[in-house]
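Novice: Required output: the full structure, derived from the provided sequences and hints.
Okay, so the sequence shown: first residue is 1 according to this note's numbering, each after it adds one.
None of these hints come from the bench; they were simulated from the model.
Fair warning: there could be bad hints in the mix.
[Stated by the list, open to error] Quick list of simulated restraints, FRET-style, between CB atoms:
no.	residue 1	residue 2	range
1	ALA291	ARG210	39 to 45 Å
2	GLU29	GLY137	50 to 56 Å
3	THR64	PRO222	32 to 38 Å
4	ASP208	VAL32	42 to 48 Å
5	GLU270	ARG43	26 to 32 Å
6	GLN53	VAL216	38 to 44 Å
7	GLY162	ASP207	22 to 28 Å
8	TYR189	ASP112	29 to 35 Å
9	PRO69	GLU49	33 to 39 Å
10	ASP112	GLU46	16 to 22 Å
[As the list claims (entries may be wrong)] Calculated pairs, DSSO-like style, for lysine-lysine (alpha carbon to alpha carbon, straight line, at most 30 Å):
no.	residue 1	residue 2
11	LYS171	LYS190
12	LYS136	LYS171
13	LYS233	LYS296
14	LYS171	LYS125
15	LYS213	LYS130
16	LYS58	LYS79
17	LYS62	LYS125
18	LYS296	LYS190
19	LYS213	LYS136
20	LYS258	LYS136
21	LYS190	LYS66
22	LYS167	LYS130
23	LYS62	LYS79
24	LYS138	LYS258
25	LYS62	LYS233
26	LYS258	LYS79
27	LYS233	LYS171
28	LYS130	LYS66
29	LYS130	LYS206
30	LYS79	LYS171
31	LYS296	LYS66
32	LYS125	LYS167
33	LYS190	LYS167
34	LYS138	LYS296
35	LYS79	LYS130
36	LYS190	LYS213
37	LYS206	LYS258
38	LYS213	LYS66
39	LYS167	LYS138
Glycine residues also receive a C-beta, built at the ideal position from the N, C-alpha and C atoms.
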Amino acid sequence: MMRRLILVSLCMILPAGCVQKEPLPAKQESLVIGLVPEQNIFRQLERYEPLAQYLSGKTGAKMTLKILPRYGTIIDNFKAQQLDGAFFGSFSYALAHARFGVEVLARPMGLDNTSTYHGMIFVRKDSGIKTARDMKGKRFAFVAKATTAGYLLPLEYFHHSGISNYKEYLKEAYFSGSHENAIYDVLDYKADIGAAKNTVFHRLAKDDPRILKHLVVLERSPEVPENALALRKDIRESLRNRLREELLDMHRDPEGQKVLERFGARRFIETRNTDYDVVVQYAEHLRLNLATYDYKND
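Specialist: This is the structure in structure tokens:
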């Protein structure tokens, strides 16, 4: 009884955020969390593994990461119930929510205080390409059909430019599989035009000055939510709440602050389905039905 009174008293005098969290489960649970292939697999794991270990220790649920070879594989894995959750890109989340009812928890706020990203269409500065008209007969590196930055933006760009069939208009259109690959394919002359998300573009540019030196951005998409953690709808509610709580509170914890620094974020913020309205509207404008959309790369 005395111990309980002391704990309550401490919480009354300590800063906000001192709350009694739900006890860890007696029997360890496990969660398999998917990652979309934004970057090189080693850089991807280097960024996410400390976060997974931190959340495992705080919740008592062992979190295992699974990097998927293609964006659409996330949808396939949820359909087969092989994944418990994923860090979804904006369009892949909109698809998974529409089809399977997955629910988003939280997303990171970057070191620049942004929690969104935008897509970019870019070319080499020496390509001579300035408009969609200049792209006729050229090679375009998309990322995947289940991405906002790497596919929806180019679709809208061509649609707005009066180009109804980009496959006939271009010499070649292919899916690079990751934002990093699309960027380097254009940089290394494998493609004439590329599309990718700005966060990956600028993250790579910090270590490779050739990117800003040789590439120029022609078009950008509206801002959409940064990759957010979402879980299957049948995950135990108390575990779902505990994961959300730990993500939202980790910037107040010294250990959590170190993990966030390695992740490249200031903190995590709560995320809701309404945050994806811009993605849904984008798809509707292109007359894409999220419930029947063929997300598999051609």
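Novice: Would you mind marking each hint as holding or not holding in the structure?
Specialist: Evaluated hints:
The supplied range of 39 to 45 Å is met by ALA291 and ARG210, whose beta-carbon atoms lie about 42 Å from each other. For the hinted restraint 50 to 56 Å between GLU29 and GLY137, the CB-CB distance of approximately 54 Å keeps it satisfied. Taking 32 to 38 Å as the suggested C-beta distance range, the pair THR64 and PRO222 conforms, at roughly 34 Å. The given range of 42 to 48 Å is broken by ASP208 and VAL32, whose C-beta atoms sit roughly 32 Å from each other.
For the pair GLU270 and ARG43, the supplied restraint of 26 to 32 Å holds, since their beta-carbon distance comes to about 27 Å. Look at GLN53 against VAL216: about 40 Å separates their beta carbons, and that is inside 38 to 44 Å. At about 39 Å, the beta-carbon gap between GLY162 and ASP207 misses the expected band of 22 to 28 Å. In this structure the supplied range 29 to 35 Å holds for TYR189 paired with ASP112, their Cβ-Cβ distance being about 31 Å.
Between PRO69 and GLU49 the C-beta distance comes to about 18 Å, which lies outside the given range of 33 to 39 Å. As the Cβ distance of ASP112 to GLU46 is approximately 20 Å, the hint placing it in 16 to 22 Å holds. Between LYS171 and LYS190, the direct Cα distance comes to roughly 13 Å. Compliance with the 30 Å bound is thereby established for this hinted pair. Distance restraint check for LYS136 and LYS171: the Cα-Cα separation of roughly 7 Å lies within the 30 Å cut-off, and the hinted pair is therefore satisfied.
Straight-line distance between C-alpha atoms of LYS233 and LYS296 comes to about 23 Å, which keeps the hinted pair within the 30 Å bound. Taking the CA atoms of LYS171 and LYS125, the gap is about 20 Å. The hint holds against a cut of 30 Å. Between LYS213 and LYS130 the CA atoms are separated by roughly 17 Å; this keeps the pair inside 30 Å, and the hint holds. The straight-line distance between the Cα atoms of LYS58 and LYS79 is roughly 29 Å, inside the 30 Å bound, and the hint therefore holds.
In summary, the hint linking LYS62 to LYS125 is not supported, as the alpha carbons are separated by about 47 Å, beyond the 30 Å threshold. For a cut-off of 30 Å, the pair hint linking LYS296 to LYS190 stands: about 23 Å separates their Cα positions. Only pairs whose Cα atoms come within 30 Å are accepted, and LYS213 paired with LYS136 is accepted, the gap being roughly 25 Å. Taken as a hint, the LYS258 and LYS136 pair is broken in the structure, with Cα atoms around 48 Å apart against an allowance of 30 Å.
With a C-alpha separation of about 29 Å, the suggested pairing of LYS190 with LYS66 holds against the 30 Å cut-off. About 19 Å separates the Cα atoms of LYS167 and LYS130, which keeps this hinted pair within 30 Å; it holds. Annotation: proposed proximity of LYS62 to LYS79 holds, straight-line Cα distance about 22 Å (limit 30 Å). For the proposed pair LYS138 and LYS258, the alpha carbon gap of about 45 Å is over 30 Å, so the pair is violated.
Our distance criterion of 30 Å between C-alpha atoms is met by LYS62 and LYS233, whose separation comes to about 19 Å. For the given pair, LYS258 sits about 35 Å from LYS79 by alpha-carbon distance, which is inconsistent with the 30 Å threshold. Straight-line distance between C-alpha atoms of LYS233 and LYS171 comes to about 43 Å, which puts the hinted pair past the 30 Å bound. For the given pair, LYS130 sits about 39 Å from LYS66 by alpha-carbon distance, which is inconsistent with the 30 Å threshold.
This hinted pair checks out: LYS130 and LYS206 have alpha carbons roughly 25 Å apart, not beyond 30 Å. The straight-line distance between the Cα atoms of LYS79 and LYS171 is roughly 35 Å, outside the 30 Å bound, and the hint therefore fails. Restraint check for LYS296 and LYS66: satisfied, since their Cα atoms lie roughly 19 Å apart, inside the 30 Å limit. For the proposed pair LYS125 and LYS167, the alpha carbon gap of about 24 Å is at most 30 Å, so the pair holds.
Note on LYS190 and LYS167: the hinted pairing holds, with a Cα-Cα distance of about 17 Å set against a maximum of 30 Å. The suggested pairing of LYS138 with LYS296 holds, with an alpha-carbon distance near 23 Å, which does not exceed 30 Å. In summary, the hint linking LYS79 to LYS130 is not supported, as the alpha carbons are separated by about 41 Å, beyond the 30 Å threshold. As the CA atoms of LYS190 and LYS213 are separated by approximately 17 Å, the hinted pair is consistent with the 30 Å bound.
For the suggested pair LYS206 and LYS258, the alpha carbons sit about 21 Å apart, so the restraint of at most 30 Å is met. Using a Cα cut-off of 30 Å, the hinted pair LYS213 and LYS66 is violated, with the two alpha carbons roughly 34 Å apart. Distance check on the hinted pair: LYS167 and LYS138 sit about 10 Å apart at the alpha-carbon level, within 30 Å; holds.
In the structure shown, a violation is registered for the earlier hints numbered 4, 7, 9, 17, 20, 24, 26, 27, 28, 30, 35 and 38, in ascending order.
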